[in-house]
Amino acid sequence: MSYSDIFKDHLANPRNAGELPNADAIAEETNPVCGDRLSLSLRLANGRIEAVRFLAYGCPPTLVCGSALAEIVEGMTIDEAMQLTRKQIVEAVGGLSSRKQHAAALAIETLRSALTKNASADCQNR
Amino acid sequence: MHHIYLDHSATTPIDDRVFEAMLPYLRDKFGNASSVHQLGQDARAAVDKGRRQVAALIHARANEIVFSSGGTEANNLALTGICQAAQTHGRHIITSAIEHPSVRGVVDHLEKQGWSITRLPVYENGIVRLDDVRAALRDDTILVSVMMANNEIGTIQPVAEIGALVRAERARGRKHLWFHTDAIQAAGRISIDVEVIGCDLLSLSAHKLYAPKGTGALFVRRGVRLLPQQIGGHQERERRAGTESVANIVAFGKAAELARAEMSERSAHTRSLRDRFENKVQEQIADIIFNGDREDRLPHLSNISFRFVEGEGLLIHLDMQGVAVSTGSACSSGTLEPSPVIKALGRNEELARGAIRFSFGKDNTQDEVDFAIDALIRAVESLRAISPLARDMASVPSA
Chain A
1 MSYSDIFKDH
11 LANPRNAGEL
21 PNADAIAEET
31 NPVCGDRLSL
41 SLRLANGRIE
51 AVRFLAYGCP
61 PTLVCGSALA
71 EIVEGMTIDE
81 AMQLTRKQIV
91 EAVGGLSSRK
101 QHAAALAIET
111 LRSALTKNAS
121 ADCQNR
Chain B
1001 MHHIYLDHSA
1011 TTPIDDRVFE
1021 AMLPYLRDKF
1031 GNASSVHQLG
1041 QDARAAVDKG
1051 RRQVAALIHA
1061 RANEIVFSSG
1071 GTEANNLALT
1081 GICQAAQTHG
1091 RHIITSAIEH
1101 PSVRGVVDHL
1111 EKQGWSITRL
1121 PVYENGIVRL
1131 DDVRAALRDD
1141 TILVSVMMAN
1151 NEIGTIQPVA
1161 EIGALVRAER
1171 ARGRKHLWFH
1181 TDAIQAAGRI
1191 SIDVEVIGCD
1201 LLSLSAHKLY
1211 APKGTGALFV
1221 RRGVRLLPQQ
1231 IGGHQERERR
1241 AGTESVANIV
1251 AFGKAAELAR
1261 AEMSERSAHT
1271 RSLRDRFENK
1281 VQEQIADIIF
1291 NGDREDRLPH
1301 LSNISFRFVE
1311 GEGLLIHLDM
1321 QGVAVSTGSA
1331 CSSGTLEPSP
1341 VIKALGRNEE
1351 LARGAIRFSF
1361 GKDNTQDEVD
1371 FAIDALIRAV
1381 ESLRAISPLA
1391 RDMASVPSA
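So the protein sequences, as listed, match chains A and B. One point on numbering: in my numbering, the residue at position 17 of the first sequence is 17, and numbering is uninterrupted. Throughout, my numbering is defined as the position within the second sequence, counted from one, plus 1000.
To be clear, the hints were calculated from the coordinates, so they are not data collected in a lab. Hints may contain errors.
Said to hold, decoys possible - In silico EDC-like cross-links for lysine to aspartate or glutamate, where the CA-CA straight-line distance does not exceed 20 Å:
#1 B:LYS1213 / B:GLU1020
#2 A:LYS8 / B:ASP1319
#3 A:LYS87 / A:GLU71
#4 B:LYS1362 / B:ASP1132
#5 B:LYS1362 / B:ASP1042
#6 A:LYS8 / B:GLU1381
Said to hold, decoys possible - Short, incomplete list of chain A residues facing chain B, as computed with Cβ under 7 Å:
#7 LYS8
#8 PRO14
#9 ALA17
#10 PRO21
#11 ARG37
#12 SER39
#13 LEU55
#14 ALA56
#15 TYR57
#16 GLY58
#17 CYS59
#18 PRO60
#19 LEU63
Claimed, not checked - Per label pair, the in silico range of CB-to-CB distance:
#20 B:ILE1289 / A:PRO21: 31 to 37 Å
#21 A:ALA12 / B:PHE1290: 47 to 53 Å
#22 A:GLU80 / B:ILE1289: 23 to 29 Å
#23 A:GLN88 / B:ASN1348: 31 to 37 Å
#24 A:ASP5 / B:ILE1289: 29 to 35 Å
#25 A:GLY75 / B:ILE1289: 38 to 44 Å
From the three backbone atoms N, C-alpha and C, an ideal C-beta is built for every residue, glycine too.
Could you put the whole structure together from the sequences, leaning on the hints where they help?
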C-alpha cells in the first residue's frame, strides 16, 4: 500500500466536503460488496454544476476519489460531467492499484446517478 | 517527521544490546554450526547458548527447542508435523475462531485435505471457554491448538486449563491427543512456563522480542513425535533441516534473556502507557468500543473500534501525523475482509471495519502517547466530518 502525495493531500484536506442545503441534485451510492458509501449533493444552474459537496465512508481510496470528484466537477457543464471517466478520477488522485479501482468507479457511478436522477430538475433551471 | 511507533505487535525495533550481540556472527564469526573446525565450533557454541536462553524464557529444556525461520514456520511445523505423525489415530482438530493466519491457514488447508475441524467461539470478551473445548473433544481428536494470547485484541486464553484437560484426557487413555499453543504475542509480555501450561508444542518468534525478523522457535516436548517439514539435513535433531541462522539465533537468545530479566518492568511500563492512552481516548472521543476483555489481556495492547469511520483511513491519517498503528481489516478488489477476530466478538461490519490496534513498547514514552492521542482525535474528527454514517446518526432525533 503506497499512496501518492496528492492522494494523501485529499485525505488530509478533503475538497468540498459536506452537504449542500437546497441541492438540486443528490445521490448516494453504496458498493454492495464492501459497503463503501459515497454521497453527492449538487447545485445546478444554466447547465452547469455550480457547487458540489461530498460525504464518504469506506477505505481511503473511496474518500479520496470522492474528494477529487467534488473538486473536478465544480464548474463543469452537465454534459462534461457526464463524460467524466473512472480513468480521469484515478489520474486525479495520483493513480490507484488495480485492487482499488472500484473506488473511482463508485465516484463516477454516484455522479451519473445524481445527474441522471435529477436531470428534470436541472431542465427547469436552464 | 517525528515517528511514534505504536505497532509493537506487528514487530519490534532491534534492541541495541541484541544488535551488539549478533554483530560478531555477521562478521568474523561466520562459521557453519555443522562444521568441525574451530569457526564451526564457535558457531555451534553460540547456537547452543541461544537455545538455552530461549528455553529459559519458557522454562523448557534446551533440547526441546527447534529453531525455525520465524513464527509462521513454527506454527506450520507444529500443526502439519503433528497431524502427519498422528493421522492414523484420528483426523480431528480443535482450534479457536481467532487464531493467527499462520495457524488458521494451516487448519484451513488440512480441512481441504479431509480433516475435521472444530473452531471454538470466543464470545464478546474474546476468550475461549474451557467447557467448549471439553465438549468438542472426540475419539478421533488428535490436536488442540489454541493461542496463548491474541494478536489483535491481546486477550489471554485459558491455556493452562486446556493443558490440564488434555493431560487428564491422556491419563484416561487418550494417548494420541496433543496440545499446541501459539505464544508469539505472549512471549516477553507475560510469563510463560510450559510446565504450568502443560502444552506439547509452543511457538515463538524473535522479532516480537526486539530481535531481527527471520527466526522463530518451536518448543517440542520431549517424547512428542512430529514429522519434519524441511528435510535434507540433520540440523535441529532431524526436526528442521537447514543451516542454522547463527547470528539471528544469537540475537533471539539475547532478546529472550533480556525479555526474561526485564519482563515485569516492561510489562508495568507498557500497561501504564496503555491505560493512560485508553483513559484519555475514552474521555475525549465519543462513540468508541473497546474490543476484547479489559482484564485478561496483554499489558501492551489496546484495540478500539471507532464508529462511523473505517480503520484504514484512520491508520493513514495517523501515519501522516507520524504515528504508526495497525488495523485487522483489508479492503481489496471491491471486497471487504473485516478482521475475523473482531467479527468473532459478535461486532457488526461497521465496528469490525473501524477497529484499530495500538500496541505499545518498552521504549515508548508518555509524551509519545499524549502526541498520539491528539493525532487520533484529529484523525477521527476529520473522518467523521465527511462520514455519511455520522450524518445519519446526527439526524436521528434524540429521545
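We went through each hint and held it up to the structure:
1. B:LYS1213 / B:GLU1020: holds (16 Å)
2. A:LYS8 / B:ASP1319: The given pair, whose Cα atoms are some 10 Å apart, holds under the 20 Å limit.
3. A:LYS87 / A:GLU71: Holds. LYS87 (chain A) to GLU71 (chain A) sits at ~15 Å (cutoff 20 Å).
4. B:LYS1362 / B:ASP1132: Answer violated: LYS1362 (chain B) to ASP1132 (chain B) is near 36 Å, above 20 Å.
5. B:LYS1362 / B:ASP1042: violated (32 Å)
6. A:LYS8 / B:GLU1381: Between LYS8 (chain A) and GLU1381 (chain B) the Cα gap is close to 16 Å, so the pair holds against 20 Å.
7. LYS8: With Cβ-Cβ at 6 Å, under 7 Å, it holds.
8. PRO14: Hint holds; PRO14 (chain A) Cβ to chain B Cβ min 5 Å, cut 7 Å.
9. ALA17: Holds, because the Cβ-Cβ distance from ALA17 (chain A) to chain B comes to roughly 5 Å (cut-off 7 Å).
10. PRO21: violated (13 Å)
11. ARG37: holds (5 Å)
12. SER39: This interface hint holds because 5 Å falls under the 7 Å limit.
13. LEU55: Constraint on LEU55 (chain A) satisfied, holds at 4 Å.
14. ALA56: Hint on ALA56 (chain A): holds, closest Cβ of chain B at ~6 Å, below 7 Å.
15. TYR57: Interface hint status for TYR57 (chain A): holds (5 Å vs cutoff 7 Å).
16. GLY58: holds (6 Å)
17. CYS59: Since chain B brings a Cβ to about 4 Å from CYS59 (chain A), closer than 7 Å, the hint holds.
18. PRO60: For PRO60 (chain A), the interface hint holds, since the closest Cβ of chain B sits about 5 Å away, which is under 7 Å.
19. LEU63: Hint holds; LEU63 (chain A) Cβ to chain B Cβ min 6 Å, cut 7 Å.
20. B:ILE1289 / A:PRO21: 31 to 37 Å: Given range 31 to 37 Å: holds, Cβ gap about 33 Å.
21. A:ALA12 / B:PHE1290: 47 to 53 Å: About 27 Å separates the Cβ atoms of ALA12 (chain A) and PHE1290 (chain B), which means 47 to 53 Å is violated.
22. A:GLU80 / B:ILE1289: 23 to 29 Å: violated (44 Å)
23. A:GLN88 / B:ASN1348: 31 to 37 Å: holds (35 Å)
24. A:ASP5 / B:ILE1289: 29 to 35 Å: For ILE1289 (chain B) against ASP5 (chain A), whose Cβ atoms are near 34 Å apart, the range 29 to 35 Å holds.
25. A:GLY75 / B:ILE1289: 38 to 44 Å: holds (42 Å)
Of the numbered hints given earlier, the model fails hints 4, 5, 10, 21, 22; all others are met.
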